[in-house]
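Taken in order, these protein sequences are the chains called A and B. Going left to right, the first sequence walks through residues 527 to 818 as my numbering numbers them. Going left to right, the second sequence walks through residues 4 to 596 as my numbering numbers them.
Among the hints, a few may not be true.
[As the list claims (entries may be wrong)] Heads up, incomplete: computed chain A residues facing chain B, CB under 7 Å, no partners named: (1) Y550; (2) G551; (3) R553; (4) L557; (5) R561; (6) G578; (7) A582; (8) Q595; (9) P664; (10) F682; (11) N684; (12) A797; (13) V809.
[Claimed, not checked] Okay, the calculated beta carbon distance ranges per label pair: (14) S415/B x A580/A: 36 to 42 Å; (15) D621/A x R246/B: 45 to 51 Å; (16) E564/A x E416/B: 26 to 32 Å; (17) D645/A x L257/B: 33 to 39 Å; (18) G660/A x E309/B: 35 to 41 Å; (19) E709/A x A391/B: 52 to 58 Å; (20) T663/A x A73/B: 39 to 45 Å; (21) G660/A x E416/B: 50 to 56 Å; (22) R246/B x D645/A: 47 to 53 Å; (23) E585/A x P335/B: 42 to 48 Å; (24) P601/A x E333/B: 34 to 40 Å; (25) E333/B x R571/A: 45 to 51 Å; (26) E386/B x G660/A: 40 to 46 Å.
Source of the hints: derived by calculation from the structure; they are not laboratory data. In this text, a Cβ means the ideal position worked out from N, Cα and C, and glycines have one as well.
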Amino acid sequence: MHGRNEARLTLTLGHLYPDQLNLYGDRGNILTLKRRCELRGIELRVVGLGIGDALAPDEYDLLFIGGGQDKEQAPVAQDLFETKGIGLWAAIEDDMPVLAVCGGYQLLAHYYRPAEGPDMKGLGVFDAWTVHKGPRTPRCIGDVVISWNGMTVVGFENHGGRTYLGTARPLGKVLKGHGNNAEDGTEGAVYRNAYGTYLHGSLLPKNPHFADYLIGLALQRKYGLRRLTNLSMPPGEIFNGSTPAQLTPADDPTTLLRPLDDHLEWQAHAAILERLGLYEEAVAALRRAEAA
Amino acid sequence: MQQHWPSPVISQGPNQSESRGSRWLRPKKGRPEAKPGSVTGAARAGQRSRRRRLPLRAALAVISGRAAGALSRRLHLGGGTSIVGLVAQRLYPDIIRHLATQLEHGSVLVTGTNGKTTTSGFLAAILRDAGLRVWRNREGANLLRGVAGALVVRALPSGNLRRGGQAISVFEIDEAVMPQAVRLLEPRAAVFVNLFRDQLDRYGEVESVAALWRQMVKGLPETTTLVLNADDPTTASLGELARGPVLYFGLEDLTLDLSGQGGQGTAGTYQAVDSRSCVRCGSDYRYSARFYSHMGHYQCPHCGLERPAPTVRALQVRQDTFDRLRVTVETPTQLGEIVIPLPGLYNVYNALAAIAVAQALGISWEPIVSGIEQFKPAFGRGERVQVAGRTLRLLLAKNPTGLNEVLRTLFSEGTPRHILFVLNDNIADGRDVSWIWDVDFERAQGLTASLTVAGTRAFDLALRLKYAGFAPEEMTIIPSTPLRALEELTGSQARGRKGRGRGRARHQLQQHQAVAAKTGPKVSAAAEEGATSLGETATPFPGYGLATALEQAIEQTPVGETLFIVPTYTGLLELHRELERRGLTPHYWEGQD
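Here chain B stands alone, though its shape is the one from the complex:
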């Protein structure tokens, strides 16, 4: 099997005309079918692109797309650039390729289960500091129409890009859409941050995404640098298939090893491990160090496959404060300290990925440091919002590993936190919420100063928390919609409940706080007590909907303190709209880029 030890820094000139010129000569091959969840038009787009390119058509596509976008904003139908891309792609299926060729510095694509947005954010900040004009797709608009939209809004009515000079695009791409995106954009670098279990009903099993990626990597041109996470076995194994250069990044700080602290299955350190067996021979990996989930230093005892030695390495990670991580980073050309202004070990990986790409693009060290250290987190990735004297911090968590890491970040210091969980099961979240049972909520038990549970699946989450040792009385449960059957059973209370419930919730909260203050972490006793007092716990809900939940959670957080909001994806969008309605965040179509 071919071995690709990472070459030192790959510096390619900014001019990519060579690769761009050759793209039309590329043999037609390995075109997998459109995958569920992807834009089905994309497969067709590729076919039609064999026709001649029509500048006129591009112009029409740009104009119509932008008109549709303007109309959509005007009518307040939503702010995504997706509608722009959708319309433009309809009129000219090859619009992405047409516009992307005009970017002077080409494109970088970022994919993976967790950390796409933050990694591409870090990278964009670095590249901006290096003096480039960076164009990104909007967070969440990571299907092809989002990419098309991001390019079209920067195009002139002539069908050409506005100011393509000094421009580079950094796109975050949905895992399943990556094959089409790679074909259309022929990126200079493709970054694979990690692969975890996520939305089984949409992507299928982790293995089916991995198979898709393997197929795609085999077809990548030699001009594309692969940037891979060495500590994630499935992601790292893509390197063996690449024809072009490969760069790995990884953690080397062995003090972060979890396996010495109990490891798999022990109460309190439960890890959701999504890749367990060797990609080559199927035996279970052995870990000499495990950082979280299946991330770590692994080796296959059977065939000898092992973690590749990373080129961009974090030698030491120290937590200064909740969201200041001091990381010693070593690259082939540099050894230095970088402060990451975000919480969580997963953000160290995100930063390393961005550093690796920057090095591959030949960016010098100063913009790398400044880009990361002055990074402003995207909405929902640790961003701060001030509301009525409280600080809200939003930490998106959409799958077991993501949520486990958020909980670890929040509760590892033993500080009690005010928490609002939002669990939705809309299509973009994944309809199946059974993954919450693989999340280590036990670690939060006794550490919540207040706890509000909301979303379309609020009851499921509340139940999960109950089984993690929280008493139902400790939680304020605010489902998205009323439970009508309960209203009927409890009879006339339906109308008056809202007000009464609120008062009661407050009362309960005070009680709970008093109890918590006295007894500390002895919540399990309270839970048992709660379980024996029948009838009393027929929780009346203090209203419905996320707006009410947010209000409640804020109310339960004393002035000057921080409320941590942990939503799933559509929960985050809903919160964004709610905060926007109150004038607390910018409209998302007027974002930073």
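Just chain A, with the same shape it has in the complex:
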């Protein structure tokens, strides 16, 4: 029923280092983006970008980079710097949505300073840096909740390094858990449409609002609002009831997307909130599913 080719929207997701940075169920993020696009008749092509592959910014609409083992992070850091750096910078400056989780997040900051040995150089997209304070300092492990855009985002964190923000904006404020460094209550970092975060678990399945936000950003960037209104597809297929022409670019890009049945997603989200004692927030999360 979505099959009219001329109207089919297509997005291309570049998955950076799928073989090296795949430790914390990062596949869940990809599956979520793919399925949420497909249910709306948008084709999401996923292209793996391994070590040695160049990153041509005009070939992608969305980028994802996950976390991996320390042992596998060093060659990745080198490749990111030498092979993909320029392309990635260009993409980010051109407002491409980028999601970087855990190790990927650290690689997009200035540097990672291990307890012993030399610094690992990052790309410096986020004005932030990470320090591992040695085996005496406990890892930040556990369920984590942050507030983002007035809503909750839930996940699981497991990182030894502490990240400190310079001028970078945090993604959200920690409500429960550790966040960037267990000290200042910040979590993640944002630069233009690039989002770095320690939240996995996987992040996107239980946070459908954040997944849709990224998809919306990518659609907005690729097709622009005017293009979208000209498509021959009936608006209800992709869009919310309102005609996109009435929207301004400043609007929440998720309003472009047709809502899905996310009862299970929000229940899973609420279950985490509730076990952390955030009861009111859990009710609010479940209300979102009903409102959709």
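Add chain B to chain A, keeping to what the hints say.
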């Protein structure tokens, strides 16, 4: 670099007095710090052991430990031998070493991420059939206190082992505790079955366990035979560091190769690969055959490191029925066929490991065959339980590779199965459940005759299944605890839901079965349909808790059919207690050994 090609069968006399005598002369070195998750007392235990050994103290430790155990059973606090060991170790930190020296045939230690219990089970069965008295630690009690407990319950109040003659101990040991266990027990053989990603929050990364093992192997005495999985690159690489003999086991049946069938990343054959790069130079391995995860015939294109040729080899694996694997095994002295009475390729590795150890200990072929063929699986490792006319089969799965292999075993024939998944995130399971996204649940889609999802993380798993193409209506979701926020939202339903939910679940099930019967595997269509009908899918849960989940799952399984239960570790323990409460399994402190 030193090369250790496996020597042929290592047969050592049963009397190990030589090695035991020398243990006190061993230089003190390479004592790593206690690792998280291990018994911190153990490091101290080693230090204190430099004091004189006091038989009186051993006697006191034995008596107190056993008294604590008796009390604990009496008060129904739990049946583990761990409390026995814990108390005994407190009173005499060196109790393990003290008692282990009295075992006539010494000890064998088995470690690895998956398959410890089954491998040591196979080995114990073989050794028993060979006429030895085999002592094991209780499944799951694989920290030092569990080992101490297993020895103490067999000790006399005098502080000496009861009937140490003809005795050998086979202990399964937690990966992180292996260094301490090796130091205390000085085993005749140390078996490393495999190394996979497991409980990242507890063990850290796979690489940190590997580093721990490497350190330990360097310090092993020459009298310890290393038994290693040739097909697991990280495990096999330990052989280069060993001072004593090394035996490798591995698969040679190339028809089991997955790489020809799509390989990594292709839908339907997704593999969670946990060791990817060469231990020596860091380049990615190349595989000429891959059996599952990172198990296979590998080679490093950069430095030339390659899979060692195994001494104990499975030349051919044929599946007769679901749980009858016919394996042609070749060892330096034997070539024969063995029927493994368990499902799954991983159990072939477990059997090969046990065969390799048995050969290293000089056991003849007959007990090896009979031990494996008449093996009774441990609880949760494919064991059968009869309930109300249905058969329950419990298949523990605690990490991505384990679960992938269980799913492959269950669904590769295309037979629809009744399934109960239990996903917990207690400390013993690992708090982080993100690994479920690396499991190939897609392969089960359209093949579940009924599907119940339970555990402390039931919602996470249900969501994973939804994204694998299951419609929420196909699943009966029974979380461990109520979602209070949902009760508030749905208002007055809170009290009445239990009954209504149940009826509804049944109704849904019948509907689903009818649909499934008509449309076969076209579940994705149903999933899309489900996604569009808003509101209708606010799933009311037919109750909470594992007891309810079990009841539901059994109810959905017609009489005469089999319900496959796939739990994580604490889920398995909970199920065990639940079945025990119904009088369906023996109390676990009265186990077979």
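With 36 to 42 Å as the target window, see if S415/B and A580/A comply at their CB atoms. Because 39 Å falls inside the window, the suggested range holds.
Does the CB of A797/A sit less than 7 Å away from some CB of chain B? OK, holds: A797/A within 7 Å of chain B, min 5 Å.
Could one say that the CB atoms of G660/A and E309/B fall in the range 35 to 41 Å? Holds - the Cβ-Cβ distance for G660/A and E309/B, about 37 Å, lies within 35 to 41 Å.
Falls inside 50 to 56 Å, the C-beta gap from G660/A to E416/B? holds (51 Å)
Using the Cβ atoms, figure out if E386/B sits within 40 to 46 Å of G660/A. Roughly 45 Å apart at Cβ, these two residues keep to the hinted range, so it holds.
Using the Cβ atoms, figure out if E585/A sits within 42 to 48 Å of P335/B. violated (56 Å)
Minimum Cβ distance from G551/A to chain B below 7 Å? Holds, because the Cβ-Cβ distance from G551/A to chain B comes to roughly 3 Å (cut-off 7 Å).
Within 39 to 45 Å: is that where the Cβ-Cβ distance between T663/A and A73/B falls? This hint holds: roughly 43 Å between Cβ atoms.
Holds or violated: the hint that P664/A contacts chain B, with Cβ atoms closer than 7 Å. Status violated, d = 9 Å.
The hint says 45 to 51 Å between D621/A and R246/B; measuring C-beta to C-beta, is that right? For D621/A and R246/B the Cβ distance comes to about 60 Å; the hint is violated.
Can you verify the interface hint for F682/A: is its Cβ closer than 7 Å to any Cβ in chain B? holds (5 Å)
Falls inside 45 to 51 Å, the C-beta gap from E333/B to R571/A? At 47 Å between Cβs, range holds.
Against the hints set out earlier in the document, violations occur for numbers 6, 7, 9, 15, 17, 22, 23.
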